[in-house]
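Student: Chain by chain, the residues run as shown.
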Amino acid sequence: MTWAPAAAGCGQRYRWPAAGLFVCAALIRAAGAPAEEPTMAVVQQGQERAKLLKERGVTGVEFLDASPFGPAGVERWRLANGLQLLLAPDPMSPVVAVHTWVKVGSADEVAGKTGLAHLLEHAMFKSTATRPAGTFDRALEQHGASANAATWFDWTMYHEVVPPSQVALVFELEADRLAHLDLSAHAVRSELEVVRNERREEVDDDPDALVVEALWSAAFGKEAYGHPVIGTSADLAGLQVGDVVDFYRARYVPENTAVVVTGGFDPAQVLTDAAKWYGGLAARPAPKRSDKPASEKPTNSSSLVVDASSGRLAVAWRTVPMAHADHPALALLAEVLAGSDSSRLYRQMVEQSRVASSISASQTDLRLGGLLEIYATLRPGKTAAEAEALLLPVLADLLGANPVSQTELDAARNRLKTQHLRELASADGRADVLGRTWANGLDLGVHQRWWQAIDKATPAEVQNAASKWLKSDLRTVLRADPPVRTSRARGRTTPSRGHAGRAG
Amino acid sequence: MKRNARVRPWAVALLLALVATSLTVVAAPSWAAKPKRGNVPNLVVVSRPWPKLISVRVLIGGGALADPPGLEGLTALGWSAALRGAGGRNRQDLAAAFDALGVQPGVGIDKLGTTLQADVAVENLEKCLELLADVLLQPTFEPAQVEAVRDEMLADIEHLQDDDASLATDAIGRYLYRGTPLGRPSGGTKASLQAITPASLATWHTKQIAASNVHIGLAGAIERPQAEALVRKMLGDFPAGPAFKPPASKADDSGRRLLLLDKPRRAQAQVVLALQTVPANHRDALPLLLVNAVLGGPFTSRLNREIRELRGWSYGAWSTLAGAPGLSTWALGFAPNARDAVPAIELAVQIVEELRRDGISPAELRFAKDYLIGAHRLGLETADRELAERLRATELGLADDDVDTFEKRIEAVDYKTIQRVVRERLQHDNLVATVVGSAKALRDKLAASAAGFALELLDPGGLPEQTAQKGLAPAQRPAPTVLPTPATQDDDGGAGMEEEPDEP
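These protein sequence lines are chains A and B, in that order.
Take the first sequence: its letters are residues 1498 to 2001, numbered as in the working numbering.
Take the second sequence: its letters are residues 5 to 508, numbered as in the working numbering.
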């Protein structure tokens, strides 16, 4: 860190995932690594490491599998209590990223208790039985590191980037709070107030976040992905300390947890340290998660009044999770639609008609589904209905007279690859990729397969995916406009049919 | 979800944008006599073997401060327009050429400089540099594209009203430095953007591309000899000419004053407090950085502990230093509910007053050193981050070895110096503040606050730099009048979210 502290600090700030665009872009771009090393070689490397550990007398660590990934592959290991370890070493890296991923998110919450997973994530930074509040952060900051966390529909993750010498310190701190978190009434209530402030600042006072929230609500309705990750204001107000305690005890078990380590470390030493610190966590059964894919039909159109300088238009289609055969084509399709200044929607909406100031598209991954989203910020004075009338014909044109061209596909593919390399450049980025893969229940080889599919994709395949998934019965359109001067409406969402949406 | 909102990328960008020195009148420019071309700009190379990606960053000295009075926004408009046609390629052809390489070029503007940036796969580097050379040296400034950019920038001025945090940060710069070039808006005003002509663009561009004013940065899988050869070949035809050298300037900073920007429907208040202080190349700069680490740098800093952790008043509380050759800005911020805003401001002021009165402890100094040194090392993990640090040092006019000697210089700061710097540089009597929030909820409490700010009020569409030269002291000023915005004249009408009810 030099004079302007910004440079080191910026990357540590998280936008909460329900803001959609940030995470979904990352999910698409995080999806794999070029096959630079044969699978057999990395598997053999892991097996040899297992022998070495046995010779050293390290017990309770089992090698599971390995796959090419990043500069030197990734190995998956398991402790006797069920906790998994994903190790992706890079001998050249001067840092180590340690991520703790838990298979629990807002989709695991029940009605009336929304926001619980995220509140627990906040509370995890409070005290433990032996460490007063603040000592967790202070211990890391003494090495220039900082800790942060994120909650999503399907997972919760905690992350630190530290010097190689401090990996064991992170293990010690993380294992402590996994087992001995002190969820006192004071700690939980204090953090609940922080979360309520977070919601007001990041959602209620942010027109774009309100649009994302309303779109997802309309797209998924009462299903698990239909309520906001941060929780509704009403539910947050009613959360009790006991809710958080019960959630922690039930969900934060080794079987539900993976520790991802990437960067410049010695795998044998890290496994030894992991066995020492995490091996003592008591094995407990993890609650069964629903495997039922989202099935409810989306609300086809909704409207929202936003306190903003101009309107927004959001359109989404219910699609597929990452492991689905159509997923790579949908990721390419999103790029073709709005991935650059040459893209179809940008040209029509921003440059030619000038109805929008900006436009974006992305394919978001969920464990049990997906959502292809388009967001347009409109020029002042333009209505969402006007924008919709211009946007939908672009899609109809793609599905009809002007299918995806080879030039468009090649450009989309190249952009995805460049973005992917950018993410893989940092240890933290690589840990993100691996953690999401694990938390979504996917095998390590999915990366290779996904990128092979991207490399081989043809215009016809992208076109087929578009025809299959950009259907009107899977579509949700959200029109958000500023108030007219005499309007008395406030923060309402008006679904055209089906269930009510919500605007927080 | 993020749990730590202290460090805000937008805050840094905008704070950087506001901290610099005044516009200089360059005497007898050598480029006026059609200088000889064939000059190669300064080259900065940072090498990492993996991944096979290159980050290209071109730093051009003289950002928004290069805008002549009355033509604010010229630099931003000029470089944005340059990316829309250059070297014989029109808008579509240039975008398609970048697209084919998987490159999405971008431009960032602050007060001191402009950065053109592009990430590109190694195999496409030469072609990418060829396109960037055209953008830099042969922009066409096609009238329709200039008009399009102007139109988009006008829309951006409107959109700024939708982001309260950015609005507060933008306003603090314009309010703190009103009456000086630093107080002029980097993105321009409606009037200044309309005043930009082809002739003003041509004159501006000639000055921008003087070889001494341009620095080329390449980071990633490339070694210096190869980088030198490529840059000489592709970017070796700049005209001679001097670098932009802004002189130091200082705004009137006597007395505390606070600007309240009315957003009637907002639940939260966005608060930024700021001081002018010594520039980045001043001997007291590093001691100030250490003090900042105690005040509001990391999560366990005094501000965040008191405002967020102990009271739950805000999602985060932060402080940051943004430097320039002439002076720097020390800013701190948080976003409390309207109910807690005035107590939070009073507490923040009290923390600053106590810091100046008592200084920091030896233990805090040791912690701050460890934190900054550790963060500095971690911050250099990837090639693009190290390049950003090195170009930032260049932009700020710091020594060539600033990044390399940072740790040694931090370690050398002694306790006595720290205590002196706190007393001399933390002039809390001159704190200036901006608050974006509901004037109805805040104005009377702010006027009566013990923090002692002279209060000024402004509607969101007003211009902070055009407020009175001094705010009126609460006891002297007449009853405040809030200027309504067209969309919010009807207090009971309009739209927005449900207002948070006051809690007991």
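A few of these clues could be false.
[Stated by the list, open to error] Each computed DSSO-like pair below joins lysine-lysine, with the alpha-carbon atoms no more than 30 Å apart:
| id | chain 1 | residue 1 | chain 2 | residue 2 |
| --- | --- | --- | --- | --- |
| 1 | B | K211 | B | K249 |
| 2 | B | K254 | A | K1914 |
| 3 | B | K56 | A | K1953 |
| 4 | A | K1953 | B | K420 |
| 5 | A | K1965 | A | K1914 |
| 6 | B | K56 | A | K1914 |
| 7 | B | K420 | B | K373 |
| 8 | B | K211 | B | K131 |
| 9 | A | K1551 | A | K1789 |
| 10 | B | K131 | A | K1914 |
| 11 | B | K194 | B | K211 |
| 12 | B | K194 | B | K254 |
Since the hints were derived computationally from the structure, they do not count as laboratory data.
Student: For every hint, state whether the structure bears it out.
Tutor: Tested hints:
no. : hint                 : verdict
1   : K211/B with K249/B   : holds (12 Å)
2   : K254/B with K1914/A  : violated (47 Å)
3   : K56/B with K1953/A   : holds (21 Å)
4   : K1953/A with K420/B  : violated (65 Å)
5   : K1965/A with K1914/A : holds (25 Å)
6   : K56/B with K1914/A   : holds (11 Å)
7   : K420/B with K373/B   : holds (15 Å)
8   : K211/B with K131/B   : holds (26 Å)
9   : K1551/A with K1789/A : violated (41 Å)
10  : K131/B with K1914/A  : holds (17 Å)
11  : K194/B with K211/B   : holds (24 Å)
12  : K194/B with K254/B   : holds (26 Å)
When the structure is compared with the earlier hints, violations turn up for hints 2, 4, 9 and for no others.
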